[in-house]
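One-letter residues, chain by chain:
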Amino acid sequence: MTSKIGLKVASVVTALYSGVATAAYQLNFSRGATRLTEDIYDLHNLMMWIITVIFCAVFGVMFYSVYAHRKSVGHKAAQFHENTAVELAWTIVPFFILIAMAIPATKTLLEVRDASNPDVTVKVTGYQWKWGYDYIKGEGEGVAFLANLSTPHDQIYGSETKGEHYLLETDRHLVLPVGKKIRILATAADVIHAWFVPDLGVKQDAIPGFVRDTWFRAEREGIFRGQCAELCGKDHGFMPIVVEVVSAEKYTAWVAETKKAMAAAADDPDKKWVLADFKVRGEKVYGSICVTCHQANGQGIKGAFPALDGSKVVKGPKSGQIDVVLNGRPNTAMAAFGKQLSDTDIAAAITFTRNSWSNSTGEVVQPSEVKAARK
Amino acid sequence: MSAVIDSHGHAHDDHGGEDHGHPSGLMRWVSTTNHKDIGTLYLWFSFIMFLTGGVMALTIRAELWQPGIQIVQPEFFNQMTTYHGIIMVFGAIMPAFVGFANWQIPLMIGAPDMAFPRMNNWSFWLLPVAAILLVSSLAMGGAGVGWTMYAPLTTQAGPGMDLLIFAVHILGMSSIMGSINIVTTILNMRAPGMTLMKMPMFVWTWLITAYLLIAVMPVLAGAVTMTLTDRHFGTSFFNAAGGGDPVLYQHIFWFFGHPEVYIIAIPAFGVVSQVIPAFSRKPLFGYASMVYATSSIAILSFIVWAHHMYTTGMPVAGQLYFMYATMLIAVPTGVKVFNWVATMWKGSLSFETPMLFALGFLFLFTLGGFTGLVLSMTPVDVPLHDTYYVVAHFHYVMVAGALFSAMSGIYFWLPKWTGKMYDETLGKWHFWLSLIFFNVTFFVQHFLGLAGMPRRIPDYNPQFTEFNEISSIGAFGFGLSQLLFLYIVLKCIRSGEKAPQKPWDGADTLEWTHLPTPVPYHTFENPPTVK
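Heads up: the protein sequence lines correspond to chains A and B, in order. Sequential numbering of the first sequence, starting at 1, is according to the working numbering. Sequential numbering of the second sequence, starting at 1, is according to the working numbering.
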């Protein structure tokens, strides 16, 4: 153990000494994939140089004093305790240093905040605990989907080896064209989240009830990963963001393909389902949405999230449960899923919970019933 | 100097300080109105809270040792970060400095006690009540909302949140009472001849801090009360659906929260401003500019709050204003650092434990100040906000700043308070272990933040593993080193060598020059005269 720790310390010291920043020992910002991330990188480096110079000057004096003015070498204390000229100088000079820092910072900031004239506008909605994307303007308008964490449970709990993109992978990627100005409108459905992708230089709080914007223009193709940066409850660490930047042609193809898939996946809201089929579908919905709080065994988490197994609401009248799922429970983590899921998915999930574990109502909730319950 | 020792001091010393027939045993502590007893209570209370918050920190670091969920579930992890923050800020650091204020302010200004001794008793005894509420809050399911308690996450939390709110209320009451007491004592009870500009710097810093506390604790109380009514009484202060605004909470919280940073830092400046001159055997350089710089920091602290909120999407003009205002704080802070260095310049320096901790403070607090300057720049802050860079930054200010300064103060005044010397060798061990492990823990977190690791996550991508391992090793080393501190203090009290009246030849405030060691139970019943 000790030798392992020793090795670790030694390897860090080596990494620091040689200044080689490997992926594992990244010591600075990444240069990122936009011009603004380059600007921020340079601005930060400029700051670090100024700081290093001040640091060396101040602590050079201090350590010289520690060395030369020791009592143990017989240094006698002088008794001066003020010097107006020096005091004025070290009050005024910092102002000029600060102005030198503020000028490039102001320039960069004005660009960072200029989200005008975008090519594509995407609304990003934070949910506990996933991201929803709606392409609302520009090429791709109309595309909408949710992106969930795709890292398997077994990797998180250690019974399976962790992949390279552990916790930074989602089932759907936010696909966007390279070289185009992308405006992000961030909002949230429940609590505050933050949409953070380091390589694209964006971090924007997603605030329920408000829309805030940010933007980026990726200069190269690639997959850029990030995650929620504002504490949003239990699974705050498990709602990653994956942005896939592709060429204009690929993007056009992706939009067409996605729109086709969306049309094909659209359910007939008036279809009558039978229990066995619908339960299978409901299990899928439950497994990607409800399971984070109510757990696979339907027992919830005591004190935080109620059990569905044996629940009065689940075993009670359909209308009561439909209402809770559609409209949520105010002031709790139970979201209004009416805004996120289709009638069919809601009906399927409800059907699943009413016929699983010890619950056996034998009832099927049809999509039409959910549709009727929507106001 | 012994000729001027207050005769009452001697009289009490002869009786072992046990005249006036005050109760002994437990009741002595429950009913005490003596500033020294209350100071001791504050300090022990804060140390117990420090260990409690420390265990929570170690729980966090143990979970973060490796990627994956191993030791605690995410829900509990969030509670640990929340309670660690609240306990360290309100339970450990703030009461520690109020403890110093209680012990030292009357001794340093030549007053017999605090102005309102009974209120003093009450302001301490509210703290254990708040601590019990905090612990019960955790037992009732807790609230994993972060120490900043942002709405509307707090609206969702369970009943533990209500107890947390009440605990904050009570902590606030305690602070306000303590502050009123400190302001009144300083303004009214100084010895004849001690003008404001002759007060020891520690007293000045507390005068300023107490005003900050009185100004902002009610603001925090308001914020959490609004949360409470949003939770239970149908209001919508922070709920957009009812016409409120979640970001309003952040504005109110940080209007408290930024001055709070200086409430913690300014008394720390005060302690260091006593210790550095004493061990440099040279008067504090630029006393007047020190007072003005501290006051400027306090005033500026009220007008920079939204630099904690650069990513909320406020208008660009707002961001520019808060960026410039925040950068301005570097000026008075720089003045203080330059003054301390100039105090040492051409002094006659010696490096006993209090001085070591003061220099550790000076060095590391300045590093924290530098990263603060980096974070003040809005475009650079955006990628760093809510990442480990920020965690590293504020631990440099809070731990290497405030905590190191408190340690320095304890080693500095312990001989005076107990009449016994601590073990110098062990003290130096404590310093060097703390210094090294602190940096092992927190320096690497800068890199994690630059690489984009968000704070408050229980699990992370394997690319962050190495630095997290190093940080966890440092944290456990740092935690264990503090047990050495406990041993040193206990050893000093039980079997330390007898301390001389003035163990530090450069110390020149009233408690060293006018009072015997240990200080008697009652002091300065007749005020000394200050030239």
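What the hints contain is simulated information worked out from the structure, not anything from laboratory work. You may find that some hints are simply not true.
Interface residues of chain B toward chain A, partial, derived using beta-carbon atoms under 7 angstroms [said to hold, decoys possible]:
(1) S24
(2) P74
(3) L153
(4) V331
(5) D386
Below, a list of computed lysine-lysine pairs in the DSSO-like style, where the Cα atoms sit at most 30 angstroms apart [stated by the list, open to error]:
(6) B:K491 - A:K260
(7) B:K531 - A:K76
(8) A:K71 - B:K498
(9) B:K491 - A:K71
(10) B:K502 - A:K76
(11) A:K260 - A:K284
(12) A:K71 - B:K428
(13) B:K428 - A:K76
(14) B:K420 - A:K123
(15) B:K346 - A:K71
(16) A:K180 - A:K76
(17) A:K76 - B:K498
(18) A:K137 - A:K162
(19) A:K71 - B:K531
(20) B:K491 - A:K76
(21) A:K107 - A:K137
(22) A:K259 - A:K137
(23) A:K339 - A:K137
(24) B:K198 - A:K71
(25) A:K76 - B:K420
(26) B:K420 - A:K302
Beta carbons: idealized from backbone N, C-alpha and C, even for Gly.
Outcome of the hint check:
no., hint, result
1, S24, "violated, 43 angstroms"
2, P74, "holds, 5 angstroms"
3, L153, "holds, 4 angstroms"
4, V331, "holds, 5 angstroms"
5, D386, "holds, 4 angstroms"
6, B:K491 - A:K260, "violated, 77 angstroms"
7, B:K531 - A:K76, "holds, 26 angstroms"
8, A:K71 - B:K498, "holds, 24 angstroms"
9, B:K491 - A:K71, "holds, 28 angstroms"
10, B:K502 - A:K76, "holds, 20 angstroms"
11, A:K260 - A:K284, "holds, 22 angstroms"
12, A:K71 - B:K428, "holds, 18 angstroms"
13, B:K428 - A:K76, "holds, 24 angstroms"
14, B:K420 - A:K123, "violated, 67 angstroms"
15, B:K346 - A:K71, "holds, 10 angstroms"
16, A:K180 - A:K76, "violated, 69 angstroms"
17, A:K76 - B:K498, "holds, 28 angstroms"
18, A:K137 - A:K162, "violated, 38 angstroms"
19, A:K71 - B:K531, "holds, 29 angstroms"
20, B:K491 - A:K76, "violated, 34 angstroms"
21, A:K107 - A:K137, "holds, 28 angstroms"
22, A:K259 - A:K137, "holds, 15 angstroms"
23, A:K339 - A:K137, "holds, 20 angstroms"
24, B:K198 - A:K71, "holds, 27 angstroms"
25, A:K76 - B:K420, "holds, 28 angstroms"
26, B:K420 - A:K302, "violated, 52 angstroms"
Violated hints for the displayed structure, listed by number in ascending order: 1, 6, 14, 16, 18, 20, 26.
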